[in-house]
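Protein chains: 2
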Amino acid sequence: MEEKSKKDLPIGVFDSGVGGLTVVREIMRQIPKERIVYFGDTARVPYGSKSKETVTRYSEQIVRFLETQQVKAIVIACNTASAYALEEIEKQVKIPMLGVVKPGAKTAAEVTVNGKIGVIATEGTIQSKIYGKYIEQLKKEAQVIGKACPLFVPLVEEGLLEDPVTDEIAQRYLSVLIDSGIDTLILGCTHYPLIRRTIQKVMGDQVRLVNPAYETALELKRLLDQQNLLQDEKPVLGTNQYQFFVSDGADKFQHFANTIFKYGVLAVKQINIEEY
Amino acid sequence: MEEKSKKDLPIGVFDSGVGGLTVVREIMRQIPKERIVYFGDTARVPYGSKSKETVTRYSEQIVRFLETQQVKAIVIACNTASAYALEEIEKQVKIPMLGVVKPGAKTAAEVTVNGKIGVIATEGTIQSKIYGKYIEQLKKEAQVIGKACPLFVPLVEEGLLEDPVTDEIAQRYLSVLIDSGIDTLILGCTHYPLIRRTIQKVMGDQVRLVNPAYETALELKRLLDQQNLLQDEKPVLGTNQYQFFVSDGADKFQHFANTIFKYGVLAVKQINIEEY
Numbered sequence: 001m002e003e004k005s006k007k008d009l010p011i012g013v014f015d016s017g018v019g020g021l022t023v024v025r026e027i028m029r030q031i032p033k034e035r036i037v038y039f040g041d042t043a044r045v046p047y048g049s050k051s052k053e054t055v056t057r058y059s060e061q062i063v064r065f066l067e068t069q070q071v072k073a074i075v076i077a078c079n080t081a082s083a084y085a086l087e088e089i090e091k092q093v094k095i096p097m098l099g100v101v102k103p104g105a106k107t108a109a110e111v112t113v114n115g116k117i118g119v120i121a122t123e124g125t126i127q128s129k130i131y132g133k134y135i136e137q138l139k140k141e142a143q144v145i146g147k148a149c150p151l152f153v154p155l156v157e158e159g160l161l162e163d164p165v166t167d168e169i170a171q172r173y174l175s176v177l178i179d180s181g182i183d184t185l186i187l188g189c190t191h192y193p194l195i196r197r198t199i200q201k202v203m204g205d206q207v208r209l210v211n212p213a214y215e216t217a218l219e220l221k222r223l224l225d226q227q228n229l230l231q232d233e234k235p236v237l238g239t240n241q242y243q244f245f246v247s248d249g250a251d252k253f254q255h256f257a258n259t260i261f262k263y264g265v266l267a268v269k270q271i272n273i274e275e276y
Numbered sequence: 001m002e003e004k005s006k007k008d009l010p011i012g013v014f015d016s017g018v019g020g021l022t023v024v025r026e027i028m029r030q031i032p033k034e035r036i037v038y039f040g041d042t043a044r045v046p047y048g049s050k051s052k053e054t055v056t057r058y059s060e061q062i063v064r065f066l067e068t069q070q071v072k073a074i075v076i077a078c079n080t081a082s083a084y085a086l087e088e089i090e091k092q093v094k095i096p097m098l099g100v101v102k103p104g105a106k107t108a109a110e111v112t113v114n115g116k117i118g119v120i121a122t123e124g125t126i127q128s129k130i131y132g133k134y135i136e137q138l139k140k141e142a143q144v145i146g147k148a149c150p151l152f153v154p155l156v157e158e159g160l161l162e163d164p165v166t167d168e169i170a171q172r173y174l175s176v177l178i179d180s181g182i183d184t185l186i187l188g189c190t191h192y193p194l195i196r197r198t199i200q201k202v203m204g205d206q207v208r209l210v211n212p213a214y215e216t217a218l219e220l221k222r223l224l225d226q227q228n229l230l231q232d233e234k235p236v237l238g239t240n241q242y243q244f245f246v247s248d249g250a251d252k253f254q255h256f257a258n259t260i261f262k263y264g265v266l267a268v269k270q271i272n273i274e275e276y
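Going line by line, the protein sequences match chains A and B.
The working numbering numbers the first residue of the first sequence as 1 and each following residue consecutively.
The working numbering numbers the first residue of the second sequence as 1 and each following residue consecutively.
Note that these hints are calculated values from the structure, not bench results.
Heads up, a few of these hints could be off.
Because identical chains share one entry, a pair is satisfied inside a single copy or across any pair of copies.
Claimed, not checked - Calculated pairs, BS3-like style, for lysine-lysine (alpha carbon to alpha carbon, straight line, at most 30 Å):
#1 129 x 269
#2 140 x 7
#3 133 x 252
#4 234 x 102
#5 252 x 129
#6 252 x 52
#7 269 x 52
#8 234 x 116
#9 139 x 7
#10 234 x 201
#11 7 x 269
#12 140 x 252
#13 52 x 94
#14 7 x 252
#15 133 x 33
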């Protein structure tokens with residue numbers, strides 16, 4: 001394929017559901033000329049409580065689907081899938097691939113002063129100890145304290161973004177991190193930036209929050225630029241710059257997406273991901 | 001197949017995950033001679049927020065799996081799957097089938113005095129309005145008020161069975177039911193009996209709670225008896241009276257199962273349900 005047309009291809013982004021839209025939002029902001037094909041696995045959400053084997057099988061199916069959409073790069077916009085499946089899938093595909101974990105780990109290692117970094121995420125991501133592995137490669141003396149916060153996703157999905165119940169749950173989950181004296185906290189699940197304010201309030205202003213969604217979009221831009229794959233011109237109107245696919249509940253997804261973006265999500269297509 | 005050997009076959013029971021074990025527990029209590037094959041769809045849990053089409057497809061796959069286990073009857077031990085898929089699946093199979101909704105609705109229609117019945121359940125079950133449909137067939141003048149409680153399942157799975165946070169969330173969800181003056185409340189999700197005490201406390205002693213798990217085991221016994229399918233003798237030791245299958249996380253499932261049963265769950269097998 002010629003370079004010109006390769007640049008024109010979309011970026012594939014996937015997540016277990018709607019959470020990855022916070023990553024899409026950052027990509028739209030930082031590289032607004034790019035086309036995006038998003039897949040949310042709403043029929044099998046959540047991934048955070050499922051096993052490595054299952055999350056990897058699901059991720060492989062999704063990558064096969066995205067390949068049918070001729071994407072030029074793939075972003076795993078889900079921490080659990082990045083933690084469990086990225087290394088395996090990187091072996092299988094030839095296009096550039098990026099998870100949300102490595103960019104988040106890199107920034108945390110850079111900004112910490114006292115070397116104590118907290119990670120909040122799903123059970124799966126915490127059990128994988130993946131943030132710790134990456135951070136250790138960059139900053140050997142760093143101390144990483146992980147804490148699974150399984151109620152945060154349901155609380156966000158119930159819309160309790162600023163609520164005494166969310167405050168109370170945040171205080172319980174985060175107290176161990178406050179006690180350990182961390183100065184940096186990675187929001188290791190794509191839903192968590194949506195309750196960023198509550199988390200910051202509980203942790204106190206002296207703790208720096210790292211949002212891997214932001215760092216991932218930055219890293220993606222760098223990667224595409226390196227490989228001469230950055231889109232030069234914004235697609236003309238009518239070319240479907242952003243396409244959304246889900247495995248279940250297209251209407252519900254569209255409704256949620258429209259609360260996240262200023263851009264109006266007009267069409268979401270449902271596919272049977274088990275066929276890939 | 002001869003009648004004797006037909007009686008010896010197990011009962012198939014399925015759910016989206018662990019919740020259906022509360023139904024299994026009731027079956028074990030009420031018809032302790034029966035063999036049971038349980039399937040929990042832990043790789044795709046939860047069903048409560050997913051569409052009718054998807055829940056029906058998943059249920060059909062599970063029924064095909066249970067048929068390979070030569071079950072003599074099938075119990076859908078999941079309210080959402082009962083609400084969405086039972087009628088469709090009943091057309092496809094020849095063995096007796098039972099959901100948890102109809103037995104719960106029947107009891108509620110019988111015990112209500114003022115004719116005002118509340119239903120708490122997942123979004124899917126509430127949207128299906130299935131409890132209202134069944135209750136209306138039995139008691140035309142009854143008034144059914146449904147309320148989705150999406151945070152109850154995550155709270156139960158996080159172990160917050162008796163906790164101020166669960167109290168607070170219960171008060172918010174249930175206030176509309178208290179205001180409407182119901183005298184009967186159906187626990188329309190298999191997880192909810194595990195926070196029965198909190199629900200009773202919030203609703204007050206004058207409200208009668210109906211647990212469909214209990215009613216379903218009773219109805220199953222009646223149905224098997226009618227068709228001369230009740231097991232006569234308890235299986236001899238070593239015949240695997242209870243078998244458990246899941247689509248993900250066998251160890252985690254086994255751990256949870258052992259908190260629900262006195263009977264020790266020794267082995268849980270994992271299968272790939274997408275292949276059925």
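Now the hints, each set against the structure:
For the homomeric pair residue 129 and residue 269, the shortest alpha-carbon distance between copies (27 Å) is at most 30 Å, but the shortest distance inside one copy (35 Å) is not. In the homo-oligomer, the alpha carbons of residue 140 and residue 7 never lie at most 30 Å apart, since the shortest distance is 38 Å inside one protomer and 65 Å across protomers. Taking the closest pair of Cα atoms, residue 133 and residue 252 come within 30 Å of each other only across two copies (25 Å); inside a single copy the shortest separation is 37 Å, beyond that limit. Taking identical chains as interchangeable, the C-alpha atoms of residue 234 and residue 102 lie at most 30 Å apart only when both belong to the same chain, with a minimum of 28 Å there against 56 Å between chains.
In this homomeric assembly, residue 252 and residue 129 come within 30 Å of each other (Cα to Cα) only across copies, at 19 Å, whereas the closest approach inside a single copy is 33 Å. Taking CA atoms no more than 30 Å apart as the test, residue 252 paired with residue 52 passes in both settings, with 28 Å inside one copy and 13 Å between copies. Proximity of residue 269 to residue 52 under the C-alpha cut-off of 30 Å is found in both arrangements, the shortest distances being 27 Å within a copy and 17 Å between copies. Taking the shortest alpha-carbon separations for residue 234 and residue 116, neither the intra-copy value of 42 Å nor the inter-copy value of 59 Å comes in at or below 30 Å.
In this assembly of identical chains, residue 139 and residue 7 lie within 30 Å of each other by CA distance neither inside one copy nor across copies; the values are 35 Å within and 65 Å between. Proximity of residue 234 to residue 201 under the C-alpha cut-off of 30 Å is found in neither arrangement, the shortest distances being 39 Å within a copy and 59 Å between copies. When the C-alpha separation of residue 7 and residue 269 is checked against a cutoff of 30 Å, the pair qualifies only within one copy, where the shortest distance is 24 Å, while the shortest distance between copies is 47 Å. Within a single copy, residue 140 and residue 252 get their C-alpha atoms no closer than 44 Å, and across copies no closer than 33 Å, so neither meets the 30 Å cut-off.
When the C-alpha separation of residue 52 and residue 94 is checked against a cutoff of 30 Å, the pair qualifies only within one copy, where the shortest distance is 22 Å, while the shortest distance between copies is 38 Å. Proximity of residue 7 and residue 252 under a CA criterion of 30 Å is satisfied in neither setting, with 32 Å inside one chain copy and 45 Å between copies. Neither within a single protomer nor between protomers do residue 133 and residue 33 lie at most 30 Å apart by alpha-carbon distance, with minima of 34 Å and 52 Å respectively.
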